[in-house]
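Whole structure, please, built from the sequences with the hints as guidance.
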Amino acid sequence: MALLKYESQVRPPLVNGTKDYHQVTEDIIRPIEVNPSKLWWIGFLISVGLLIFGIFSVGEEFVYGTGQWNLNKTIGWGWDITNFVWWVGIGHAGTLISAILLLFRQGWRTGVNRAAEAMTIFAVMCAGQFPIWHMGRVWMAFFVLPYPNTRGPVWVNFNSPLLWDVFAISTYFTVSLLFWYTGLLPDLATVRDRAKLKWRKKFYGIVSFGWTGSTKHWQRHESLSLVLAGLSTPLVLSVHTVVSFDFATSVIPGWHTTIFPPYFVAGAIFSGFAMVQTLLLVTRKVLNLQEYITLEHIEVMNKVIVLTGSIVGIAYLTELFVAWYSQNPYEGWAFMQNRANPFSPYGWAYLLMMSCNVLSPQIFWFRKMRRNLTVTFFMSVIVNIGMWFERFVIIVTSIYRDYLPSSWSTYYTPTIWEIGFYLGTFGLFFTCYFLFSKFFPVIALAEIKHILKKSGANYKANMGGMEKESPDEVYHEAHAAHH
Amino acid sequence: MSIDLNACFGCGACVIACNAENNVAVVGKNEVLRFHDMHWLRIDRYFSGNINEPDSIQTVFQPMLCQHCENAPCENVCPVAATSHSSEGINQMIYNRCIGTRYCANNCPYKVRRFNWEDYLGADSFDDNLPKSGVGTVNDAVFMMNDDLTRMVLNPDVTVRSRGVMEKCSFCIQRQQEGKLKAKKENRPLAEGDNSVACAQACPAEAIVFGNVHNTSSMINKVRSESYNRLFYVLEQVHTLPNVSYLAKVRNASWAGDAKEEVEEKPVAEVH
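Chains as they are written, first to last, in this note's numbering: chain A, 1 to 483; chain B, 1 to 272.
All clues given are correct.
Listed next, the in silico SDA-like pairs over lysine to any residue satisfying Cα-Cα at most 20 Å (straight line):
1) 438/A x 51/A
2) 449/A x 106/A
3) 29/B x 413/A
4) 132/B x 63/A
5) 454/A x 8/A
6) 285/A x 434/A
7) 249/B x 405/A
8) 449/A x 222/A
9) 201/A x 439/A
10) 29/B x 409/A
11) 185/B x 173/B
12) 249/B x 61/B
13) 29/B x 408/A
14) 29/B x 410/A
15) 438/A x 121/A
16) 132/B x 58/A
17) 438/A x 290/A
18) 222/B x 6/B
19) 132/B x 59/A
20) 303/A x 355/A
21) 454/A x 23/A
22) 438/A x 37/A
23) 249/B x 406/A
Hints were generated in silico from the structure; no laboratory data involved. Since this is a predicted model, take the numbers as computed values, not measurements.
Here's what the structure looks like:
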């Protein structure tokens, strides 16, 4: 028995404090069973307020047309698609944590995967708003679906990267949602079993789909999780690759770049982990979950941030090098004049992108900084500001001045309704997140229990002597424990 | 289509003719300031000379319109196939299929596609959809075109585009259709002169020539073969394979001053 539960003492514990199964349940389910705090209400109401403002902003655009945004004849995409790519990118960390880290058997994912997966789903919901509402005739949006029709039939254009987006994003959303929900089932059943209120029994009874915790259920649950992890793994790479094709397959200098797919994927994971940090640093504090989302978790994620941030940095430099090396005057102009020239109209955006995404994360080479909560929180916000500007720089600086100088348009600033739409998606995201943190277990309860007896601090302490024992002694001990 | 830059002197008659023929919206000052102008055809200007010596500055005019590319970047990016290529080589815009993603306009190297940001021509089926104040306030010009009486000026042969769809030069498709029907009724092949385009018809210098390149005796064929050494396609290196060719401007450089200052091929400055 002891043999199976053994984990090296070199690895820091994943659950701190003295915990047993019951205590874990108490810690994680408790917030669902008590009234939300004042802080929760304040946050929730602010989010709902933002959401309402966002709905109003979109309403203005819907009634009066896309002219309510400051896009123009050369800048066909501005804040709308910038925000779309930004939100989609944020979602990627959740999928990486839930799928790839599951396949690689990374125990630390159990502390953060539930919240990160929820973040993925909400971020994809926010992202999806932009390509829909940016359409001139949104009431015809269903044209992008390949459905049988009486118009010929008229089919969609399978050559268009925008159509690939439709499939990529909808697949992503579906698989992420299923994966998240599958993981939730045993935990929802735990809430149901503990419920004392009638409505709570009923609600969690319905949403837990009759989970009984039988071996059969567990066996199917594990198999399904693995299948979904297998499906999600390619999605981590493919979704943002497809999003990058929107630009990479075009003919516009600054967009037409073969480096985009890997560079976008690295950027997505980068910004996603930053968002996970932002959310979890607050969540662990407010819900008092510091013993489950430990400093170790935060440090590991900061390592991912410095790695992906540096990959993104190399991509930026490669772009500049290729723009020079190719001797393509249009590409050279896009990179050296429209972007990297600090005196050009959008030079400041490029500088901001470089400093937020490439320079500042380098601070995480220092262990002390990786383990500093204030620095981590500050950096997580900085990274997402930088990543927003990356998408803005790519989209706007490429199309505001491309081939013919006669069509170089002017400086683009968003209108209040473009800003409102963006704020509205923050409202949507946080409204969902607040509801999630109130009604669902924010930590994967069953999975924490799965690792508790080998990675929990108190269990590890008891295992301390094992490394001094010879393998024979350990074997005999384990053998004796079974008889 | 072929456009002779030697002949063009930038009068703008083609632009006006195009606007009148194709119901191109007049959007008013507010919208022009926001780069929402709707011209299907515009006159690009390129300048050469010494910026400090106003007398030395010379202007080259280049009418710019949809190039009807054979390898059109706009066509493959539309998710709903609302822009496609006809068997006659015309890049077509299908308004009632367009959902307005604007990807085609972004991907057009010539930037000739125009989006209906607002209901400029009163083509929408619902009322009160023009902002009277606040963001995107439109001038009276737009309100006028939403008025039933003023809308009588519109060309009945041409569709009015509703808000949220893309539009661009159609090579006066309604005139092409009319010419073809005329020839068909008279039971003969399409002849030179059956079908013209508004801009070519209006050009006082006859700089714009339009016709069937497969017809060996057509004017377009003659122009292209006679002036072969001046013939070029704009942004040829992007490999869009345009159907609009240009004939380069040739001028006496000794009169123009320092010939090295020529910027025709490397445009760096633009004044609106």
